[in-house]
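First to last, the sequence lines map onto chains A and B. My numbering numbers the first residue of the first sequence as 36 and each following residue consecutively. My numbering numbers the first residue of the second sequence as 36 and each following residue consecutively.
Hints may contain errors.
Calculated cross-link-like contacts (lysine to aspartate or glutamate; reagent style DMTMM-like; alpha-carbon spacing at most 25 Å) [stated by the list, open to error]:
hint	chain 1	residue 1	chain 2	residue 2
1	A	K334	B	D252
2	B	K100	B	D252
3	B	K392	B	D372
4	A	K409	B	D436
5	A	K100	A	D163
6	B	K439	A	D163
7	B	K334	A	D328
8	B	K334	B	D372
9	B	K439	A	E401
A short list of chain A residues far from chain B (calculated; beta carbon distances all over 12 Å) [as the list claims (entries may be wrong)]:
hint	residue
10	L42
11	L141
12	A175
13	A178
14	E183
15	D252
16	H341
17	L371
18	D432
What the hints contain is simulated information worked out from the structure, not anything from laboratory work. These figures come from a predicted structure and were not determined experimentally. Where is the CB? At the ideal position from N, CA and C, for every residue including glycine.
There are 2 protein chains.
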Amino acid sequence: MPVNLPLPVATELLPVKGVRLGTAEAGIRKANRRDLTLVELAPGSRAAGVFTQNRFCAAPVQVCKAHLETAETRALVINTGIANAGTGEQGVANARASCRAVAQALGVPAEAVLPFSTGVILEHLPVDRLSAGVPAAQAALKADGWFEACHAIMTTDTQPKCASRQIQIDGQTITLTGMSKGAGMIRPNMATMLGFLATDAKVSQSLLQSLVREAADLSFNSITVDGDTSTNDSFILIATGQVGSEISELSSAAGQTLRKAVIELSQWLAQAIVRDGEGATKFMSIAVAGGKDLQECRKVAYAVAHSPLVKTAFFASDPNLGRILAAIGYAGVDDLDVDGIRVWLAGGGEEVLVAEKGGRAVSYVEEAGACIMKNAEITVRIDLARGAAATTVWTCDFSYDYVKINADYRS
Amino acid sequence: MPVNLPLPVATELLPVKGVRLGTAEAGIRKANRRDLTLVELAPGSRAAGVFTQNRFCAAPVQVCKAHLETAETRALVINTGIANAGTGEQGVANARASCRAVAQALGVPAEAVLPFSTGVILEHLPVDRLSAGVPAAQAALKADGWFEACHAIMTTDTQPKCASRQIQIDGQTITLTGMSKGAGMIRPNMATMLGFLATDAKVSQSLLQSLVREAADLSFNSITVDGDTSTNDSFILIATGQVGSEISELSSAAGQTLRKAVIELSQWLAQAIVRDGEGATKFMSIAVAGGKDLQECRKVAYAVAHSPLVKTAFFASDPNLGRILAAIGYAGVDDLDVDGIRVWLAGGGEEVLVAEKGGRAVSYVEEAGACIMKNAEITVRIDLARGAAATTVWTCDFSYDYVKINADYRS
Chain A
36 MPVNLPLPVA
46 TELLPVKGVR
56 LGTAEAGIRK
66 ANRRDLTLVE
76 LAPGSRAAGV
86 FTQNRFCAAP
96 VQVCKAHLET
106 AETRALVINT
116 GIANAGTGEQ
126 GVANARASCR
136 AVAQALGVPA
146 EAVLPFSTGV
156 ILEHLPVDRL
166 SAGVPAAQAA
176 LKADGWFEAC
186 HAIMTTDTQP
196 KCASRQIQID
206 GQTITLTGMS
216 KGAGMIRPNM
226 ATMLGFLATD
236 AKVSQSLLQS
246 LVREAADLSF
256 NSITVDGDTS
266 TNDSFILIAT
276 GQVGSEISEL
286 SSAAGQTLRK
296 AVIELSQWLA
306 QAIVRDGEGA
316 TKFMSIAVAG
326 GKDLQECRKV
336 AYAVAHSPLV
346 KTAFFASDPN
356 LGRILAAIGY
366 AGVDDLDVDG
376 IRVWLAGGGE
386 EVLVAEKGGR
396 AVSYVEEAGA
406 CIMKNAEITV
416 RIDLARGAAA
426 TTVWTCDFSY
436 DYVKINADYR
446 S
Chain B
36 MPVNLPLPVA
46 TELLPVKGVR
56 LGTAEAGIRK
66 ANRRDLTLVE
76 LAPGSRAAGV
86 FTQNRFCAAP
96 VQVCKAHLET
106 AETRALVINT
116 GIANAGTGEQ
126 GVANARASCR
136 AVAQALGVPA
146 EAVLPFSTGV
156 ILEHLPVDRL
166 SAGVPAAQAA
176 LKADGWFEAC
186 HAIMTTDTQP
196 KCASRQIQID
206 GQTITLTGMS
216 KGAGMIRPNM
226 ATMLGFLATD
236 AKVSQSLLQS
246 LVREAADLSF
256 NSITVDGDTS
266 TNDSFILIAT
276 GQVGSEISEL
286 SSAAGQTLRK
296 AVIELSQWLA
306 QAIVRDGEGA
316 TKFMSIAVAG
326 GKDLQECRKV
336 AYAVAHSPLV
346 KTAFFASDPN
356 LGRILAAIGY
366 AGVDDLDVDG
376 IRVWLAGGGE
386 EVLVAEKGGR
396 AVSYVEEAGA
406 CIMKNAEITV
416 RIDLARGAAA
426 TTVWTCDFSY
436 DYVKINADYR
446 S
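I would like the entire structure built from these sequences, with the hints used as guidance.
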């Protein structure tokens, strides 16, 4: 059961002018499932992306990066079933071939198509079946296709993840709709976190590029389920330019309004992945402040968020202070003065100081911590008391079901 | 059930001349259990240690470090039940007081006593009860006390860990006996990995210091159960100087013989902790070769060893190549050429090349991998093909029982 993750409602997913989506059953790996999604973008659309840092970078990621650099983007093609990762030169050729199939159908250059794959690693993409499915996906293209699309890109997700926002810029209504998928950072076969966010605003390429980077850092790059980074992770920000005049300055009122909406929706999409994390029963925010720089805040936040001992303690609703302090202590911040650190637990509207001066806070009684730990959403707030940097990382707990899901043989 | 970890046999644990050990029930946290161990060392003994890098370094570790620098070492006092970690200034005072109690009983300076604590974090050490137990432990001192001692230092270990070796140096028989404890790197309450290794050889202080550092790096610093580093981890190497003439040069024949024995026994003691790892059903060696330097070999080995997805796959006996490759890919070796990497799985006397050229090896059939994964001891061998550095890290798999053990509320 995902933690506080609402199911998408078709009528609440708002079309983005210039975007049409269609899905089809291409039989990529299994029959009778919608495993092919086509996203068509109006002429003049711009796209920017951030991708996995994994050295085993999947073929579609390589092709995506190259296509983003060489041409305008007119379509996305997304398949589930096979990740086309660890597939060498043949994999790259297959990713290119799937772009060509879409390009021919839509009458655009092959470089205008971005490919995304998620599914089994180390198996080759059946380009013939994918290509044969393109006409059906094309015939299904519609502006309100987000609801079907967010279902079709799922692999081991227990539910689809899709949401919309609207903002006003210069008297115009701008729409943003995004969808994401992913449950563990990588699955035995079902790899990959994918995120797509489209707006009908007109955004300069350079602003779009800086927005996708900042939004990714504050969202998809600030979550962890199990610390594993997939070979296929991709986040794409699209601006179709159908509404309003061009926004090119981040510092302008329009730029700030757009930035806020993009970050918020990105965070919602990223947090949705954590809420649907494999075996998750708790949604945890690790908020670190008072750091000398962002990097040490992230080190501490991720040390806590990745600790199997902290994660199992949260599963058990155990306010296990020792595990949290130990994780902070081994985060790799060399000159950390543990006597200055304070730690709070918060949840259900309550917040309790649990640690200070290198140990348990004098005022802390374990019943108060235990009470907070019963909530489904808990924040660990850490003040390093040595600077002004801050960051927040989101994760989930570690349950029997995580082991069960990941120990099951590939099916 | 520990993985291939023989129970210590009392008659196989050899006394080390100059070392006597005694245990007692001090009632540190619970009644009716031997929770206090005293180790008495003959005059002229030398000791050297390596300790946790955790910034939340426990009080006994702080006192140990200070005492090692200021005086000869004549005794160790080890208690279970309470770790005396996260206890601030009072904790340091308590650790010093326990040293004084032992010092008075043995007629040695307080600085000649090294304290070690393992157990519940964030609770204060009951110094009165510990001190009251010292006479009984002193009365029990005997040269063949290793068998009782290795039982008395256990916390959540499912079985004691102790072993002996003998070597010949210049016609003299040198004995080495060591014991260790630890099951997870840190437990909710039952914290700490401890290792003690004593020899009756006469070893110069500088050689002892370099030996303990090298042996720790190749043993206790090359294992991981869950990636969590305790606040109390300590490894102490003792040379009582009762047998033979002084060994001061590592490059001498005597130095090399001693070095080999110290490293081998340290590795046995460290691997014993992994074999008894919380919920372990498999013993995994991650052997990385062909690196540019040791650091990148360790990065890759630990990325594989820490990956919850790799560990759950091993629990499931699933030769999940994609997870191993992905872990190598995100290990943080920036310019890694994945096309050059080769990966083998080995076990039960068989070895199979599973990956090369960025993907599955052409010769690999999954049945061969599946066959190897059925063994209780498995090696993942990785060749980075870019240099001459190599290292091996040992770990265990990740089972339902790991979550069960660590999600149980502190008992």
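Taking the hints in turn, this is what the structure says about them:
1. K334/A / D252/B: Satisfied, since the Cα-Cα distance of roughly 23 Å is no more than 25 Å.
2. K100/B / D252/B: holds (18 Å)
3. K392/B / D372/B: Judged against 25 Å, a Cα distance of about 9 Å means the pair holds.
4. K409/A / D436/B: Given pair K409/A, D436/B holds - Cα atoms ~23 Å apart, limit 25 Å.
5. K100/A / D163/A: Answer holds: K100/A to D163/A is near 23 Å, not above 25 Å.
6. K439/B / D163/A: Distance ~47 Å between K439/B and D163/A Cα, so the pair is violated.
7. K334/B / D328/A: It holds: about 24 Å lies between the C-alpha atoms, which stays within 25 Å.
8. K334/B / D372/B: Holds: K334/B and D372/B sit about 15 Å apart, inside 25 Å.
9. K439/B / E401/A: holds (22 Å)
10. L42: Given a closest Cβ separation of 27 Å, the condition holds.
11. L141: holds (31 Å)
12. A175: holds (31 Å)
13. A178: holds (37 Å)
14. E183: holds (29 Å)
15. D252: Answer for D252/A: holds, closest chain B Cβ roughly 17 Å.
16. H341: Incorrect as stated: the minimum Cβ-Cβ distance to chain B is 7 Å, not above 12 Å.
17. L371: violated (5 Å)
18. D432: violated (9 Å)
The structure fails to meet hints 6, 16, 17 and 18 from the earlier list, while all remaining hints are met.
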